[in-house]
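Given the coordinates of chain A, assemble chain B onto it according to the supplied hints.
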Amino acid sequence: MDAPLKEQITNALKAVTDPEIPVVSVIDLGMIEGISVEGTKATVQVLPTFVGCPALELIRKKIKDAVEKVRGIDYAEVIFIYNPPWTSDRITEMGRKRLKEFGIAPPPKLLEKEKEWSVDCPYCGSSYTLMENVFGPTACRSIFYCKHCKNPFEAMKPVFLN
Amino acid sequence: MTSVKNALEARQNKEYVSALTELLFQLADDDFILAFRGSEWLGLAPHIEEDVAFSSITQNMMGHAFMYYQLLEQLGEGTVDELAHERSGKKRKNAIMLEKVNGLGTYLQSPKFDWAFTVVRHYFYDVNKKIKLDCLQDCSYEPLKHAAINIRKEQYYHLVHWETWFKQLVKAGGEAKTRMMVAVEKVWNEFDDVLSLGPRGEVMANYQLIDREDVIRQTFMNTIGDVFENLELGPLPKLKEMKKSGRIGEHTEDLEKALATLTEVYKKEPSSSW
Chain A
1 MDAPLKEQIT NALKAVTDPE IPVVSVIDLG MIEGISVEGT KATVQVLPTF VGCPALELIR
61 KKIKDAVEKV RGIDYAEVIF IYNPPWTSDR ITEMGRKRLK EFGIAPPPKL LEKEKEWSVD
121 CPYCGSSYTL MENVFGPTAC RSIFYCKHCK NPFEAMKPVF LN
Chain B
1 MTSVKNALEA RQNKEYVSAL TELLFQLADD DFILAFRGSE WLGLAPHIEE DVAFSSITQN
61 MMGHAFMYYQ LLEQLGEGTV DELAHERSGK KRKNAIMLEK VNGLGTYLQS PKFDWAFTVV
121 RHYFYDVNKK IKLDCLQDCS YEPLKHAAIN IRKEQYYHLV HWETWFKQLV KAGGEAKTRM
181 MVAVEKVWNE FDDVLSLGPR GEVMANYQLI DREDVIRQTF MNTIGDVFEN LELGPLPKLK
241 EMKKSGRIGE HTEDLEKALA TLTEVYKKEP SSSW
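Protein chains in written order, with full-length UniProt numbering: chain A, 1 to 162; chain B, 1 to 274.
One chain only, chain A, in its complex shape (with noise of 0.2 Å):
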């Protein structure tokens, strides 16, 4: 009986967005760790992208009021967990896409430290582009310019553990 449960909270989460980042949902941002219900209790465990965005409340609210519409929870508690942390390759592929499509190119893989990261701009895929600042409108991302397409752009911040 758990299972299915727990498969219709997921989906349930796949149309929960972050409040910024209005297209990508917080499953494909790799925030969510874990789901467990308890007769018709549900937890959800989410790791938090940066310890002091301001948008997690409104996350929490969000995830919460879409768990508790799942017919057979009463009730859902979200608590934010910092092990394992949380880092941008946790970014699943569709979250990758659909970055791109929003205009926010995804996070560089493999970042190899002090080394400068290459983006490709998210509108003509050039790889010709700079970085005009590594701090952006929110903690999350970087803003970029396109030498090719001179369009400027923002970055999702790769997140490591170093």
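Hint data in this document are derived by calculation from the structure and do not stem from the laboratory. Just so it is clear, CB atoms sit at the ideal spot from N, CA and C, and this is done for glycine as well. Among the hints, erroneous ones may be present.
For the chain B half of the interface with chain A, some residues (derived, Cβ under 8 Å), not all of them [unchecked claim]:
1) T2
2) N60
3) H64
4) I149
5) R152
With a straight-line cut-off of 30 Å between C-alpha atoms, the simulated BS3-like cross-links for lysine-lysine are [as the list claims (entries may be wrong)]:
6) B:K145 - A:K62
7) B:K145 - A:K61
8) B:K100 - B:K130
9) B:K5 - B:K145
10) B:K177 - B:K91
11) A:K41 - B:K5
12) B:K5 - A:K61
13) B:K268 - A:K61
14) B:K145 - A:K109
15) B:K5 - A:K64
16) A:K61 - B:K267
17) B:K145 - A:K64
18) A:K100 - A:K147
19) B:K257 - B:K240
20) B:K167 - A:K147
Distance windows between CB atoms, simulated [to be verified]:
21) B:E250 - A:E38: 44 to 52 Å
22) B:D138 - A:W117: 54 to 62 Å
23) A:K69 - B:M1: 42 to 50 Å
24) A:E93 - B:E232: 28 to 36 Å
25) B:E202 - A:L130: 44 to 52 Å
Just chain B now, kept in the frame of chain A:
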């Protein structure tokens, strides 16, 4: 020492929990007050990209303080909001250097803040913060270890940022270098406190909460010493002994004024949610 999994386990040992609490207050209060000083630069940084970067760093740092206060909340020290807003200066454990004003004027009245001082203070602070976070990867208190792993992911970018500013301004020569050297002296004169773990440092080390203070100090001196050498700034001067220490709740008027400002809204309506 076997690892301690949660607050409940920590509270079984009074000496352990008291050393842990002390360390957490130092870590939290350091990040908290320096993040506040950073927030005062909003809209005033030297250029627009720096404004974006500095406010992002500041927001992260406030997040780090929040995380440490959360761990204190779990240990029964009060809620996060109470810890941030309701403690008087005497109860704060931040180092004195971190509470110092950014320069002349205030945020609201003719702010003539000192960018060189800010760069040096943040850079030196972040070098030391990185060393501490490295130690905390082996901390016996698991929730703190996990917090440190998460904080270090973000702090990596902060350190790169301040290091870039520091090196570029020093290498620029001219007025930039002159002002940087004045700032280095000012920060260095009162930096001893930042490197201190307070009177209970030894107990912290014995319980494998963090490395011994002398080990951390040595790593810091070696790191900054190398930077000085590479930039041809000569040998590192000795750190001065300080008359007061924030680690035992001794502070300056700068902290009192900062607390009055940052708690103003909270005190009007303490029950409101944030």
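We went through each hint and held it up to the structure:
1. T2: violated (17 Å)
2. N60: Constraint on N60 (chain B) satisfied, holds at 5 Å.
3. H64: This hint holds: H64 (chain B) lies near chain A, its Cβ roughly 6 Å from the closest one there, short of 8 Å.
4. I149: holds (5 Å)
5. R152: Since the shortest Cβ distance to chain A is 7 Å, the answer is holds.
6. B:K145 - A:K62: This hinted pair holds, its Cα atoms lying about 29 Å apart.
7. B:K145 - A:K61: holds (27 Å)
8. B:K100 - B:K130: At roughly 21 Å apart (the allowed maximum being 30 Å), K130 (chain B) and K100 (chain B) satisfy the hint.
9. B:K5 - B:K145: It holds: about 10 Å lies between the C-alpha atoms, which stays within 30 Å.
10. B:K177 - B:K91: Violated: K177 (chain B) and K91 (chain B) sit about 38 Å apart, past 30 Å.
11. A:K41 - B:K5: holds (25 Å)
12. B:K5 - A:K61: holds (28 Å)
13. B:K268 - A:K61: holds (27 Å)
14. B:K145 - A:K109: Roughly 25 Å separates the two Cα atoms, so the pair holds.
15. B:K5 - A:K64: Between K5 (chain B) and K64 (chain A) the Cα gap is close to 27 Å, so the pair holds against 30 Å.
16. A:K61 - B:K267: holds (27 Å)
17. B:K145 - A:K64: Answer holds: K145 (chain B) to K64 (chain A) is near 28 Å, not above 30 Å.
18. A:K100 - A:K147: holds (18 Å)
19. B:K257 - B:K240: holds (26 Å)
20. B:K167 - A:K147: holds (28 Å)
21. B:E250 - A:E38: 44 to 52 Å: holds (50 Å)
22. B:D138 - A:W117: 54 to 62 Å: violated (29 Å)
23. A:K69 - B:M1: 42 to 50 Å: About 46 Å separates the Cβ atoms of K69 (chain A) and M1 (chain B), which means 42 to 50 Å holds.
24. A:E93 - B:E232: 28 to 36 Å: violated (49 Å)
25. B:E202 - A:L130: 44 to 52 Å: holds (50 Å)
Consistency with the previously given hints fails for numbers 1, 10, 22, 24, ordered from lowest to highest.
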